[in-house]
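Enquirer: Residue numbers for the sequence shown follow the working numbering, so the first one is 9 and each next one is one higher.
No lab work stands behind these hints: they were computed from the structure.
Be aware that a few hints might be false.
The calculated label-pair distances, taken between Cβ atoms and stated as ranges, are [what the hints assert, rightly or not]:
(1) D309 <-> D219: 21 to 31 Å
(2) T116 <-> D371: 17 to 27 Å
(3) T88 <-> M389: 42 to 52 Å
(4) V179 <-> M389: 24 to 34 Å
(5) S329 <-> V179: 39 to 49 Å
Keeping only pairs whose Cα atoms sit at most 20 Å apart, straight-line, the calculated SDA-like set for lysine to any residue is [to be verified]:
(6) K76 <-> Q141
(7) K90 <-> Q105
(8) K314 <-> P75
(9) K372 <-> D342
(10) K76 <-> V255
(11) K56 <-> A128
(12) K90 <-> S115
(13) K265 <-> W285
(14) K386 <-> K314
(15) K258 <-> T305
(16) K79 <-> A128
(17) K265 <-> L325
(18) K362 <-> L326
(19) K270 <-> Q241
(20) K385 <-> L325
(21) K265 <-> R223
(22) K314 <-> S288
Using N, Cα and C, we set each Cβ at its ideal position, and we do this for glycine too.
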Amino acid sequence: MFKFHAMRSISATLFIALLAISHPAISKPLSNQMDIRVLIDVSGSMKKTDPNNLRIPALQVLTQLLPKGSKAGVWQFANTPKVVVPHGEVDAQWQQQAALASQKISSTGLYTDIGAALTAASFNAQDQTQARQLHVILLTDGMVDVSKDAAQNALARNALLEPILQQYINVGARVHTVGLSYRADQATLSAIARRTDGLFEVAEDADQLLDIFLRALDNTVVTQQVAVEPIEQSFLVEQGIESMTVVVEKNGDENIKFTDGKQDIVTRIPAIDAQIWQSSSTHEVVTIQDPTPGTWTLISDTAILKRINVVGKIQILLQQSHQNIKVGQRSYIDVQLANAKGELLSAAQLQGFKLEVAMDNGDKEVFARKQRFAVDKKTRMDLPVLNQPGMYNLNIAVINGSLVRTINRSLKVHPLVALTDTQRDAANNALNMPVANEVAVIVDTAPKKSQPILIEVSKEKPSKELQALMLESQVEQEATAVVNEPAAVIKEADTAPKTITGQIVDAVNELTAKLSSPAQALETLPNQTSSDTVNEAAISVQDDQIVTNQSMHWRWYIVGGAAFVLLILLVILRRTNKIPEAKTQTKT
């Protein structure tokens, strides 16, 4: 009995030690969870600045592109704020409700109480503790206007910029402001954005609203996109993409069609459960689950592909240090790669991945750099020190062979010194609008579309580890069988103690075979894959590195599994030792 307990103690200690060695510590993943609140101005003046109510299709597209699992809500405001779409978790039902509710937006209000709107949609301490990134997108065409009394309007504006805005600063929420027309109070909107590290943009007319909303969305959530071939109006769907959302500008075409990866026609009719088509007056938003891999093409004489957002087995976790900086100030981005469950990729799966960041000011590229991903920690890309104020576009690309995912962000650079009185007077005269004295404002020209960045796509072979992640391989099924096997052995041991030794030997042999089978599955995986696209999807690793990483990976599985079986064996042996003792006592 002493030998048995000593052996059990040593084996348990060995088992714990093996687990500790075979599971190295991994750094904590960045958070991509979002809470987004949208505020839409419905004051009477919007009838002039948005006569065709283009806020409605722009808002419909925005809500359809919000990622599932995030939280969101929509408010409209004029004299008083009103809930349009209740704040809650974004799912298919929430998005359908948002598409319908958006159609009820109209411009009937008398005043523009921005402070009341921000108060109604404000975050609290509980929102802050949910580890979500907090954002607000605010659209207005006017100034703080709560009364015909100018003094009351001034008080309301001061309350907005101090106690109301301080609540957002305290919880770390960013407010992104959009001025519809240059008659909007740019000084106040710019101050709101800058003080909360949000972004401020001006739309010259309502036709630009969707593009600015999409830029605001890009600066709010991490949306992975795939490149569009503008001439062919096509895009590549790779293996491992679980869902995609396609935005099409209809331009009068009400019968949008695609050819999928197998060159079959995809249309709204007949309705398919795996497809959701949301149509507005200007755009079609199509969400497709498990899209067919291959090249997809839009079939239309007038419609234009705007963007393709994808969700796959690889998550890009990203945080930007600042969205507002001053001339000469440094900033950076942190990026990590994780699987669909949010677990960071292993060193073997990260092989061959590169992070490429390019920056332009709308006219020319001012920065470009690439680097490989760090293992078990954040990959940090330091952005350049900028000496010229203005709005800069960031194109962040994660590349591995033909696998290319892009994320777009913006960076606003402010001058060190506020505008002089002479400069401010000139701006007032040019725009024929009042600008508050205490806030300096940079007047941007109409937003310029940045040139598409050419990304080199190689034909590198993916590593076996990444293929196992991207494909629905046999490895998962084998692992499940391995986990379930010990429970079956214990159950049989309780019912047939006389044959326990033979069963344990058989179980150990079967378990050893199963532990080695995933490695064999990985060896044969490329031969089971029929798509050339998948073979080019991810990592380039030299043959000796693949063999080394694979053998080390499965060696730990085998050692840990053997220790686990040993522990089960000891438990079963202890049970079988107790059975004879019980029988002896009964006879006595």
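Enquirer: Going straight from one Cα to the other, do K79 and A128 come out at no more than 20 Å?
Expert: holds, 16 Å
Enquirer: Are K258 and T305 close enough, with their CA atoms no more than 20 Å apart?
Expert: Roughly 15 Å between the alpha carbons, so the hint for K258 and T305 holds.
Enquirer: Kindly confirm whether 42 to 52 Å is satisfied by the beta carbon distance between T88 and M389.
Expert: About 45 Å separates the Cβ atoms of T88 and M389, which means 42 to 52 Å holds.
Enquirer: Please verify whether K270 and Q241 have alpha carbons no more than 20 Å apart.
Expert: Holds. K270 to Q241 sits at ~16 Å (cutoff 20 Å).
Enquirer: Has the given pair, K265 with W285, been kept, meaning a C-alpha gap of at most 20 Å?
Expert: Holds, because 11 Å separates the two Cα atoms, which is no more than 20 Å.
Enquirer: Are K314 and S288 close enough, with their CA atoms no more than 20 Å apart?
Expert: It holds: about 14 Å lies between the C-alpha atoms, which stays within 20 Å.
Enquirer: Given a hinted range of 39 to 49 Å, is it respected by the beta-carbon distance of S329 and V179?
Expert: At roughly 18 Å between Cβ atoms, V179 and S329 fall outside 39 to 49 Å, so the hint is violated.
Enquirer: For the hint 21 to 31 Å, verify it against the beta carbon of D309 and that of D219.
Expert: holds, 23 Å
Enquirer: With a cut-off of 20 Å on the C-alpha distance, tell me whether K386 and K314 pass.
Expert: violated, 31 Å
Enquirer: 17 to 27 Å was suggested as the range; check whether the CB atoms of T116 and D371 agree with it.
Expert: Violated, at about 41 Å.
Enquirer: How does the Cβ-Cβ distance of V179 and M389 compare with 24 to 34 Å: does it lie in that range?
Expert: holds, 27 Å
Enquirer: Against the 20 Å threshold, does the CA-CA distance of K385 and L325 hold or violate the hint?
Expert: OK: K385 and L325 at ~12 Å, within 20 Å.
This entry does not satisfy hints 2, 5, 9, 11, 14, 17, 21, going by the numbered hints stated previously.
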